[in-house]
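Participant: Given chain A's structure and the hints, the job is docking chains B and C with the ligands onto it.
Chains as they are written, first to last, in our numbering: chain A, 1 to 459; chain B, 1 to 452; chain C, 1 to 284.
Don't read these hints as lab results, they were simulated from the structure. Check each hint, because a few of them may be wrong.
[What the hints assert, rightly or not] With a Cα cut of at most 27 Å, we get these calculated BS3-like pairs of lysine-lysine:
{"no.": "1", "chain 1": "C", "residue 1": "Lys53", "chain 2": "C", "residue 2": "Lys103"}
{"no.": "2", "chain 1": "C", "residue 1": "Lys125", "chain 2": "A", "residue 2": "Lys453"}
{"no.": "3", "chain 1": "A", "residue 1": "Lys269", "chain 2": "B", "residue 2": "Lys163"}
{"no.": "4", "chain 1": "C", "residue 1": "Lys148", "chain 2": "C", "residue 2": "Lys125"}
{"no.": "5", "chain 1": "A", "residue 1": "Lys339", "chain 2": "C", "residue 2": "Lys150"}
{"no.": "6", "chain 1": "C", "residue 1": "Lys150", "chain 2": "B", "residue 2": "Lys26"}
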Amino acid sequence: MSNLALIAMLLMLMALAYHLGLTRSRAVASHRDVRLHSRPGYYGTLVALWCGLPAFALFLLWSLFAAQLVDTLVVQQLPVDLVASLSDRELQTLMRRIAALADGRGVAGGGSPEELAAAAHMARLETIGQLSLAAVTAVVAVVGLVFARRRISPHWQARNHVERVITIALGASSAIAIFTTIGIVLSMLGEALRFFSFIHPADFFFGTVWNPRFSSAGAGAQGQFGLLPLLWGTLMVSVIALLVAIPVGLMTAIYMAEYASPWLRSVAKPIIEILAGIPTIVYGFFALTVIGPFLSMLGDLVGINIRTTSAMTAGIAMGIMIIPFVSSLSDDIITQVPKSLRDGALGLGATKSETIRQVVLPAALPGIVGAFLLAASRAIGETMIVVLAAGNNPVLHANPFEAVSTITVTIVNQLTGDMDFASPQSLVAFALGLTLFVITLGLNVIALVVVRKYRQQYE
Amino acid sequence: MTLSIEQRREHRLTTIEKSLARRHRKENGFRRLGLAAVLAGLTLVTILFASILTKGIPAFWQATLYTEIHFDPEVIDLPPAPVREAGETPYAFNERHTQWMTQVGLVNWQSLIDASLERALGEEVEPRQLRDLRALVASGERYALRDRFIADPSLLGDTVTIKMLAGADVDVWVKGNIDRDLPDARQQLSPQSRAWIDVLQDEDVLRQSFSTALFVNTDSRSSLASAGLAGAFMGSLFMMLVVIALSVPIGVSSAIYLEEFAPKNRLTDLIEININNLAAVPSIVFGLLGASIFIGYLGLPISAPLVGGLVLTLMTLPTIIIATRASLRSIPPSIRQAALGIGASRVQTVFHHVLPLALPGILTGSILGVAQALGETAPLLLIGMNAFVANVPGTPLEQSTALPVQIYLWQGNELRNFFEARTSAAIIVLLGLMLSLNALAIWLRKKFETRW
Amino acid sequence: MDTSTHSPSQAPSAATPSVSLGNGESRISRAKDKVKLKAESVDVFYGDTQAIKSIDLDIFENEVLAFIGPSGCGKSTFLRCLNRMNDTIDICRVEGRITLDGKDIYAPERDVVLLRAQVGIVFQKPNPFPKSIYENIAYGPRLHGLAKRKAELDDIVESSLRRAGLWEEVKDRLDKPGTGLSGGQQQRLCIARTVAVSPDVILMDEPCSALDPIATAKVEQLIDELSESYTIVMVTHNMQQAARVADRTAFFHMGDLVEVDSTDNIFTNPQDQRTHDYITGRFG
Ligand SMILES: Nc1ncnc2c1ncn2[C@@H]1O[C@H](COP(=O)(O)OP(=O)(O)O)[C@@H](O)[C@H]1O
Ligand SMILES: [Mg+2]
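So here's chain A without its partners, still in its complex pose (with noise of 0.2 Å):
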């Protein structure tokens, strides 16, 4: 019986649960003439819920570990000197042959005798399971129904037991995000430890040279993985990227909520906020097509080489994407600062700039602050614009309109083409990822703080 055939006839159980839980509580409730508890709806649902999730689970739990029981179950049957004989690999290619021989699949060459054996075993091992499977989940599944249709009076609070399930199960869901956390944490942390097991910490992160060499080429820990070089790139294109977008947005924002008329801010401001749902690999392109090219043109009327990939121009297209983020960040914290204020400036004679100035930036500070903290986040942790326009060039300088790197660059330049997970090569990836989101999880941290606080401010 395949799988799919043993949920249809779990669910078909259920139905069929539910249809008995419904019909027995009715008559429960017209043959003693009293009032149900629930109505009986609920009583259905339980009766269902008793017969499927107990019988699910066992069918999980089988799913995940009965293929690796098979195994070793034939893998034990195979002559000792011959499984003693074969590589990890190698074993690996004769259980998939095995595999495709007890299917019916057959390989070239039709197998080995001891292989037909095994695929025998394999395929008989395989009915059993399947048939012990289904026999089994199904007895759980109408013991449970018969439990739960046994328990069926009024005083049971079935809509309160099915409202549990239904708080579990919620709950459960949102245990998942914490779950992501931990599993970021852990994995990055795993990983990390392993490469500083090659490389002594010191030198990862005070180190000033990049230079990791390839581990195919038998480099291990002999190449050079200093963190400084990436992470002065990537403050070079933040940086950068925060001076272009910080202006433009604030005084975008500002501009908006202060002086555009009606008409204008509802055409500007979709389009301009066109601009977050853009992908970065778009981004990327333009730097790369545009930007970059442009500056260089610039940079030839002036009379200076300009390089067409640079912090320069990864830093321009970063910013441009980070425009309508901090204008719509900062659009929110300056609306939120009271009319009353405003008018207490005009009041006294204020001109409007003077009173945005003067009075609502000063009070808007901390929130401005925080979206201007989340902006560096964004800009730390962007990769696809630096990977295509920043240069890839992991030196210390400090000429933004040459080629850097950055972390993120690095993470995607150690971790594509050959993954192997034993090598620093690879693994330096993790530590830098781990780097990354300690960082951005400080300034993160730091920016809802100080948001919440002035939020608290004019509540």
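Facilitator: What follows is chains B and C with the ligands alone, placed relative to chain A:
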């Protein structure tokens, strides 16, 4: 020492009047600065779209040859295609079929194309010029010809007009995307090929035609002109299905829990802070998570849309949770109180009364989350979805790439003056999909907008 | 509507030297004859709805004029017309003519900056800037360049705070945030902030409605003192307050200025039935 009120007033008016002009100049300057910022934003949007559209739109049309191909039986010398016999194992049939396919593959399909071009040009082409001739046609066309024959073996002996993609270099030349005055050494096509192109264009054998290849083909390395988006599209589609199937139910459930059921305690606070932070974690970190846990630890296949979908699900969850919570919060408490008041339980209140009202907001948030996931690139690079894949994936477990990743791969192609346009066309397709999703979200919001 | 009760040419009626008021407090009234602000058939619209209907009113120099009337009748709206604070509301439109010292304040060449320096305003809810007490007071003078030197500014801050009766309470903590003061202190801070620019007229929109009785008494006393040298127009919904501090009182009803007269007359001998109903508590 203190001035009298009257003195101050006198003094005040004159002082203020003196500075007024300067203050108003500043005011105007500030306002213009704001306007400049807005205009800068608008200009950037315009430049961005203009550059992509002007580059990309022409790529939807491609230089195409319309020539008569003669399926010459002398060249195509083959036994009939094998049919599966009763009792034959799949393996054995496979063997026979493969053998036949090998024979088909050995047929010199290229010579059919060469011959048809010779006819179109009206001249005999010398063997040493064959290279120049073959540069005219996309190299994948001989396989297209083969597949056409496999699909319909009765073509043997017929002569049919067939549409073939011209080579990528031809397309570049015809569209003027390469400087025609460059010296021969720096041209991608030989003088002979270029001369032939002119002849074929004059005879209307070579013309621009809508590039279906872009939509129905997968990526190609050998035949650049026929590289298409079909594989990437399917990969993205599978990923989005995974994302929708997982992130919407989980996201909505957890939002409901947090907003309607969760007790106000430290744990709930923690989850809340945690979700806000997850929303701001760089996407590449999710890629690392996928590489280490889904691929390294759980052993899921590399380059599979399933894994991509899982990674994007985790990334999209916070967006959906936050949007759903906002939507739930906007439902006035009076509705809950009314339902609770008539004896409904918390669960009933939420599912029967609150959720239906919050649905438009939830849908909008979910669509926007999915649109965002559709455009994500970085995490996919880390789980191997940038591998070159020549087949359209049939299941979410097969190797595949995705639309944004395809853009990444194409923009890096050596043949810049062909692929810049091709990449822009792919970007147009991606942006088109994302904009449609956004438009759908906006439409939903407008349609169901309620004011409380 | 009976327009005769508030003809613009009406002379100030507070000629009697002393007025006995409800709470027994007594107050010397000053002779006032110069028209400071003059409104002529002023209409105000919010979008399509009319909030003020053709109001004519003279406001005399150094008098305290109170606006009373049921909530929503347009008192604040009219008050805000007097220094063009309504300009900050997009949908608000003012028609008619308002003059300050004979010059139209809505004339195109008129500068609102200058106008608002002459006609200051204090709001219902105290709204100190999130800056230090010193900076709150110094803001106006700084803005207008009224002090050349730090000493001058210090002087203005001190005298303004003294005028507002706040100096003794805050002189040791001038660098502390103004938002840290109590509600009554905040409101007096806002009054001091307005006074620091030395306006001719001070508009007050229910300045005590957010304050407790003790703070209210202090602010009322302050208004009384300020009336020596400032023209004060205040909105209040508290009739006792009007009776205590105002020389004249104007009664508004649904956008109309029903009548304006000496406070005594309004409270003891109202001409209009609506005024009578209002002060006897029939509505409002
Ligand atoms: N900003 C505004 N927008 C629209 N209508 C307003 C606004 N401010 C006041 N109004 C309307 O104008 C009328 C007068 O309001 P207001 O002057 O505040 O009354 P009062 O101060 O006498 O209580 C009211 O009907 C009110 O609804
Ligand atoms: Mg009012």
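Participant: Determine for every hint whether it applies to the structure shown.
Facilitator: Results for each hint:
1. C:Lys53 - C:Lys103: Cα-Cα ~22 Å, so holds.
2. C:Lys125 - A:Lys453: Holds - the C-alpha atoms of A:Lys453 and C:Lys125 are around 22 Å apart, at most 27 Å.
3. A:Lys269 - B:Lys163: Distance ~46 Å between A:Lys269 and B:Lys163 Cα, so the pair is violated.
4. C:Lys148 - C:Lys125: Status violated; Cα separation ~32 Å.
5. A:Lys339 - C:Lys150: 30 Å, violated
6. C:Lys150 - B:Lys26: Holds: C:Lys150 and B:Lys26 sit about 24 Å apart, inside 27 Å.
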